[in-house]
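Chain residues, written in single-letter form:
Number of protein chains: 8
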Amino acid sequence: MDEAALRALLESVRTGAISTQQAFERVRALPFEDVGFARLDHHRTLRTGIPEVVYGEGKSADQIASLLQSIHARDVPAFATRVDPEKAARVLSLLPAAVHNPVARTLHLPLAARSDLQRAPICVVSAGTSDAAVAEEAAVTLEVMGSAVVRVTDVGVAGIHRLFDVLHVLRGAHVNIVVAGMEGALPSVVAGLVSTPVIAVPTSIGYGANFGGLAALLGMLCSCAPGVTVVNIDNGFGAACAALLIARSRER
Amino acid sequence: MDEAALRALLESVRTGAISTQQAFERVRALPFEDVGFARLDHHRTLRTGIPEVVYGEGKSADQIASLLQSIHARDVPAFATRVDPEKAARVLSLLPAAVHNPVARTLHLPLAARSDLQRAPICVVSAGTSDAAVAEEAAVTLEVMGSAVVRVTDVGVAGIHRLFDVLHVLRGAHVNIVVAGMEGALPSVVAGLVSTPVIAVPTSIGYGANFGGLAALLGMLCSCAPGVTVVNIDNGFGAACAALLIARSRER
Amino acid sequence: MDEAALRALLESVRTGAISTQQAFERVRALPFEDVGFARLDHHRTLRTGIPEVVYGEGKSADQIASLLQSIHARDVPAFATRVDPEKAARVLSLLPAAVHNPVARTLHLPLAARSDLQRAPICVVSAGTSDAAVAEEAAVTLEVMGSAVVRVTDVGVAGIHRLFDVLHVLRGAHVNIVVAGMEGALPSVVAGLVSTPVIAVPTSIGYGANFGGLAALLGMLCSCAPGVTVVNIDNGFGAACAALLIARSRER
Amino acid sequence: MDEAALRALLESVRTGAISTQQAFERVRALPFEDVGFARLDHHRTLRTGIPEVVYGEGKSADQIASLLQSIHARDVPAFATRVDPEKAARVLSLLPAAVHNPVARTLHLPLAARSDLQRAPICVVSAGTSDAAVAEEAAVTLEVMGSAVVRVTDVGVAGIHRLFDVLHVLRGAHVNIVVAGMEGALPSVVAGLVSTPVIAVPTSIGYGANFGGLAALLGMLCSCAPGVTVVNIDNGFGAACAALLIARSRER
Amino acid sequence: MDEAALRALLESVRTGAISTQQAFERVRALPFEDVGFARLDHHRTLRTGIPEVVYGEGKSADQIASLLQSIHARDVPAFATRVDPEKAARVLSLLPAAVHNPVARTLHLPLAARSDLQRAPICVVSAGTSDAAVAEEAAVTLEVMGSAVVRVTDVGVAGIHRLFDVLHVLRGAHVNIVVAGMEGALPSVVAGLVSTPVIAVPTSIGYGANFGGLAALLGMLCSCAPGVTVVNIDNGFGAACAALLIARSRER
Amino acid sequence: MDEAALRALLESVRTGAISTQQAFERVRALPFEDVGFARLDHHRTLRTGIPEVVYGEGKSADQIASLLQSIHARDVPAFATRVDPEKAARVLSLLPAAVHNPVARTLHLPLAARSDLQRAPICVVSAGTSDAAVAEEAAVTLEVMGSAVVRVTDVGVAGIHRLFDVLHVLRGAHVNIVVAGMEGALPSVVAGLVSTPVIAVPTSIGYGANFGGLAALLGMLCSCAPGVTVVNIDNGFGAACAALLIARSRER
Amino acid sequence: MDEAALRALLESVRTGAISTQQAFERVRALPFEDVGFARLDHHRTLRTGIPEVVYGEGKSADQIASLLQSIHARDVPAFATRVDPEKAARVLSLLPAAVHNPVARTLHLPLAARSDLQRAPICVVSAGTSDAAVAEEAAVTLEVMGSAVVRVTDVGVAGIHRLFDVLHVLRGAHVNIVVAGMEGALPSVVAGLVSTPVIAVPTSIGYGANFGGLAALLGMLCSCAPGVTVVNIDNGFGAACAALLIARSRER
Amino acid sequence: MDEAALRALLESVRTGAISTQQAFERVRALPFEDVGFARLDHHRTLRTGIPEVVYGEGKSADQIASLLQSIHARDVPAFATRVDPEKAARVLSLLPAAVHNPVARTLHLPLAARSDLQRAPICVVSAGTSDAAVAEEAAVTLEVMGSAVVRVTDVGVAGIHRLFDVLHVLRGAHVNIVVAGMEGALPSVVAGLVSTPVIAVPTSIGYGANFGGLAALLGMLCSCAPGVTVVNIDNGFGAACAALLIARSRER
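Chains as they are written, first to last, in my numbering: chain A, 55 to 306; chain B, 55 to 306; chain C, 55 to 306; chain D, 55 to 306; chain E, 55 to 306; chain F, 55 to 306; chain G, 55 to 306; chain H, 55 to 306.
Bound conformation, chain A alone (with noise of 0.2 Å):
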């Protein structure tokens, strides 16, 4: 409720177009729906952009099931993320209509309809074949919620020429998620050879001193190239989100 509602709705109460009680009720309605175990926030997708996402771990099949279906009760994407296979499968089981990639541990129920956006897509590039699962949950999420995607796979830096050789399509991309273990090196690489935003996505691939994604964390972090932003480790879904702002802050 932004100045202008507040200001109508006073003046409503002024008029006795609507009584105080009715007024009451509306200043005091916060749009959310309690199912019990959760307080669902359906208005998020008109604040923020991005709808209410299911986060899978640590909730059981029939709360899944559950909460996509009141979701896309309302008509927006019912996303679910981190769900693994033996979970998916039951919430496939209830919800036949849902769609599970095993690769980025996604479910969600399609939209009826939808027009595809028709500006440049989102690229999501990775380091190497060890990280497809968190390159896959931020393709898929970006899919889901109605972006175009191209995937650019295996270019990390040790044989940098594998990068040069798709140099155009990032260039063409409106924003790059740059997905990699290890070192954590191809963000920086990339952010000095494109003009857009670059999302530098550490994922948890390697052993030893990579410490479970910290390395590529902390690299990301102290890139040399200005401008890169960074998410947590193999946070697929959140570098998705980000970049969906940011190229939704184009049509404003």
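By construction, these hints were calculated from the structure, which means they are not laboratory data. Where hints are given, some of them may not hold.
To be verified - Short derived list, chain G residues pointing at chain D, Cβ under 10 Å: (1) Glu106; (2) Tyr109; (3) Gly112; (4) Arg136; (5) Lys141; (6) Arg144; (7) Gly266; (8) Val285; (9) Ile287; (10) Asp288; (11) Asn289.
Built from N, CA and C at the ideal position, the CB exists for glycine as well.
Since the structure of chain A is already known, use the hints to place chains B, C, D, E, F, G and H on it.
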């Protein structure tokens, strides 16, 4: 040198318009200037949208002045960050035309003429008065690079009503750069309330378990609000660069 | 044995009311019961206000059942935490009167008669549905120890309007236990809005740079809202104990 | 503005007692004062029970003096922490009425008249003489906020009999704030001996594997005595605020 | 081979009592046995007072059995640590004479005859019942190596009166090995009460900010009681070896 | 494509020996093979001296078999690391010609004919029997890549005379790869005794304060013996590659 | 006050030899002296074998002088550690009889007469010349407390033959205190060669991945030589205290 | 003293060519010089190929001068690292023949005559101008030890075309020492492009999440380019020593 340029160059060789020696020089010519102690990357603006900026720490006043002049001669913004007061005074004695911002610890040489961009401004929001140096580094970077800026100060989450008072300002911005130390909670709250991209900047303000900004950094990376991206601790400059790339992506 | 008791005891020796041997035994007698594999600290309730509670990890079902019975025989709440489902089942087969809470992973033996306290309840607020296990451990501990409890769920800062809807509940509580994972920002926001004591409980919910709850823990310790105190990661039990001590301090 | 106030305000609009413009201003008016470089949160006392306090680090003497005066004008305790000796001297030259505690590094402006609370005091216990600065910060905060304080010094666990000598003092307190560096064991021992709330304050006293207070902090968080809560390293001020909230909860 | 032996050997060469070839072999002969996958250091007992002990992790049951037999053949204690139950069963089927301690996770082959030492025992003190595995590893090591042992269990600082009840036992010991997890405060308290050497063993018992025993380890290293020495987390074996060296230093 | 090749190519365009389209393809053609889920970098041997090796973790048996065959077809060593036993069995069923080393967890396809190098061998020294997996990964990598190898096992610093017995072997090697867990002291001792390059490999063997190999890693990085270089924890493969580059530098 | 003393005291009360008031005072009398800013623990020598020592950091010269005098008056060694040169000069002007060791940063007041112990000395071995401050703190502590000391310097593992030259000295000592920075490998090597207790002292000498002594600390804790115990980084004083307790255990 | 020498020595004893006393002295004589505060390891060059070098931190100017002279007298390179400007000036006043490099912070005494090696040079590549001190320490070490050096500066990955311009230089070197701070990505890129050994040197250049060079260190250890080895943060000296050992291995 992109694909089209390479095709054209090769065609010129074929037609004899240029000699193989000339072609070799063109292909080989790398766009940097060797000034003895550094290789200035003058084409960085063309390639990445951000000109090379002088990082002041560990450089002498002479080196900073020399690099600023070399950059300025190319008619791009000549800008230096992390310049402490004594060093800044010495640079100013060498380059009287330079402008010094003591809060942001920056120096720059103003460009002769620049039409400020007319689009939505970029908003720099800071949680506490102690975050001023980092917030101001971001704001000055934006201004030097030609962007309109709005500063919103002291709206930390311990008195969250102060944020609601300025929410319309944040919602009207193109990008929100949110600067916070201590627990670094402000970006999560902002990202739950606006639909613009949010770039979070952790600061090293705090003590004890803050561990030099680590608490704020980890908090921002783990934000429960999807779409927040993060830059290095105290990296106001990097956040501004990222915001500029996002703002410019609208114009392409 | 306090000063007065010691004076009285010595007086009894002087008057011959008790023998020196008896006095020696009294001074020496320490209030614990050696059950072979443990020394049960039965006077802990008198001394600290909190009875000895069985920490279930690393103990066998037999040991847990035996300790619960020994405590129960003293007519204080017999309570065990961190009991996984399989072990709980085995304890229940040994102690059919025990009550198992699978979400909180607790077991307890109900006391015959207990007059619930009529004062203000203690409120257990949790940021997300994934924090349920920790929040429930706190809530069950409070109930077993005889306190009224109100649970408020899923009011994380990414949709902060959900919190405002229940603010009157938090303001009416005696103490607020605020449970949050990820960036752990909720306690700061709550502490800026209420005048009750706020006990923050970081949870290990999250991934990557969360580092097993470290992000939330550091954030809560660095809270910009003065007056927040913190317990160990996932330590719902400890938070409940601290809240009980605060609530009881009113009655003394 | 709570529910009742909102209902009343809307009723006033309905009856015409106030204009919609007036109502708009009332709803919108946020209780802070914009003093240029900061937004003073004057209603914080009403909302949280703790007035806004000036954190001295990173602020100039002029700013501290200005903020203290602005707070003092509202007749609430004007108090600044973390003010080093030189800065304190400069503030005192600007505000001769201010009181400086060099051990605690605090400054405050005494209120004209204040009836000290007659309830049980809050006890500030410190393990070693080196912990004095942190303990004194806690004690002065309590005094400035109007609480009775008892200081117990140098009762660390290496000579635990010193603690037993003062145990009756700790047992008679409303809350015990226990300050310790090095291994930080004192709060565990105290919490096993008293039934009052115990707030543990780790200090950065120590060297080597102390890692700036980390050893004491982790030790206190992992205390085997249930009910201990912890604040940030060296945060005597925060511990005092938490103790005040507990003490006041008794009076409501 | 010490100085005197070398002088004697050279004299024997000079006098022709031994040939240069024999002397070469003597100088060169290194006191270990190459059993293919390992080099058994049989002279370790002579050199360091502690025989070579088999570290069971990462070794097969066959390897453990073979090493135990090879050591046993030299008539020194044959002892293996960190042997999990399944592996221990397989070793026992190969070496029926071996003795398995399932709590300590050890295996050993008893020596035919051994006169137990008559001196003061070594005391193994543990803070909680959960520390049993580590304490028992220390106790069994001492017994296998021929030392008298006293076990004192469950005397953690949260109920410190339990410690005072057994203080005479600790004071009568030759060395006190103090085992504690969580905050690891027990060694500091013990070292402040006894005049024997105190060896502190942190355990990984705990969760959250315990970080696998780090909290207890740092606490013990930062002990305010001078004279406490520390071994690795969960290293009951190492603590026992250190205690043995101390006990034996008395007899030399 | 080096300078000479580029000059030749351009000359060919000028003379019409190849068309501009052909030249474009040649310049553009990057030496990798896109096999769908990966971009195989076949020219890596030419460029870096080390062929592309398959990192087995996170890849399916089908993918590993497919990549090994694709590499083998180019007549360079086809080699996979970090293949667990079950996956290795599945690869072997697909590629019966492959050779599996279960200790080293490697798989490779032998080349038809290869003349072993006649130079000094590379020595792989390991401190303890528990370091076998890492040492063997190094040794097998060297053998597959065509180098002579000497293995020296179980010469840790706790019985340093074992090292002196084999010192002539280490002194005769071209490079010494020194593998150690726990405190990782062996490389320092070796580097103080030999004049060959020493590559240190920390292993994750150990527990507690070892923190997954961190203790050995930090120790090796801080070695007081100048000239020691270090690879990642457990990275026997990387150490072998570095040793190969050193050995080959002699032949150029 | 031990069991026998308590029995005797109670018997005296019974017989009327002392009044209950006197008995109360005796039981209650705690052996410390309250000097205002500290509670001196004068009975610490009786209880633990080590007198209370003044930790100089954070104390004023006046406080140090006052504490030294108070301890000296009891005829036990009056000793202060961590006193920087300026503060030491101020203490010396107050206490001309004090002795200052600038390398060890200690001050002490010599006792009038003391018969040096005739037993085997304690050996302080240091790896490099940079470890002198820590080694000397240990050596001076031993001397002040009445122990014979042998110093062995600069025998680090990079030139391990230097150690063998002095091995007979180490073998003849009662205890070996081994001081080392960087990788901290020396204690492992020593403990593999001698049969005396070895106390390892990590120092903060080094840079980079040394992390203020962490590398040496972790290395020593993970020593492959059983029986090594460790004290805090740079804690020469603590190592000396531990060695004294060991040496004295022989005399009891 | 190797096997052959020992055999010869013993034969000399047998034949009476030398006395047993002489033989004892020879066997016992350890190749170091005791200069009071240090044991100079003069035979280190023979043993390890690298002479003993003076580490300047923590040593006085007098000590440095004395050690340099003692080394110089043996006709090996006398070299000191980590000497700050003031200390260097004092050494120069004592040793006017010494040469000071203020960027590298080194001092050395030139040898009278030295034929520079004619082989391929060692290349020192640095990512940014801020890495100069570390790169120069490596370069000066190489020069003092008699190696040809090529310096390549400011070729960081944010403008990777600068690297390609000098790739022929790197490919022509014997070894490449690659120095980089921030994310430390340059060694990975270089190692993917050259077939020489690559020694990576992380620097502490950077701020925030760089954590004193930790980000670069972890990144280099986790490099996706096999064959990269790493030295300690800022350890240009150590990298040069490793490169020298590699270069010399070619000549043996």
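Each hint, compared with the structure:
1. Here the hint on Glu106 of chain G is kept, as its CB sits about 8 Å from the closest CB of chain D, short of 10 Å.
2. Hint status for Tyr109 of chain G relative to chain D: holds, with the closest Cβ pair at about 7 Å, below 10 Å.
3. Because the smallest distance between the Cβ of Gly112 of chain G and any Cβ of chain D comes to about 4 Å, under 10 Å, the interface hint for this residue holds.
4. Hint on Arg136 of chain G holds. Least Cβ distance to chain D is approximately 8 Å, under the 10 Å limit.
5. The interface hint given for Lys141 of chain G is broken, as the beta carbon of that residue sits about 14 Å from the closest beta carbon of chain D, more than 10 Å.
6. The beta carbon of Arg144 of chain G is not positioned within 10 Å of any beta carbon in chain D (closest approach about 18 Å), and the interface hint is therefore violated.
7. A cut of 10 Å between beta carbons decides the hint on Gly266 of chain G: the least distance to chain D is about 7 Å, and the hint holds.
8. For Val285 of chain G, the interface hint holds, the least distance from its beta-carbon to any beta-carbon of chain D being 9 Å, beneath 10 Å.
9. Taking 10 Å as the C-beta contact cut-off toward chain D, the hint placing Ile287 of chain G at the interface holds, the least distance being around 3 Å.
10. Hint status for Asp288 of chain G relative to chain D: holds, with the closest Cβ pair at about 5 Å, below 10 Å.
11. About 6 Å separates the beta-carbon of Asn289 of chain G from the nearest beta-carbon of chain D, less than 10 Å, and the hint is met.
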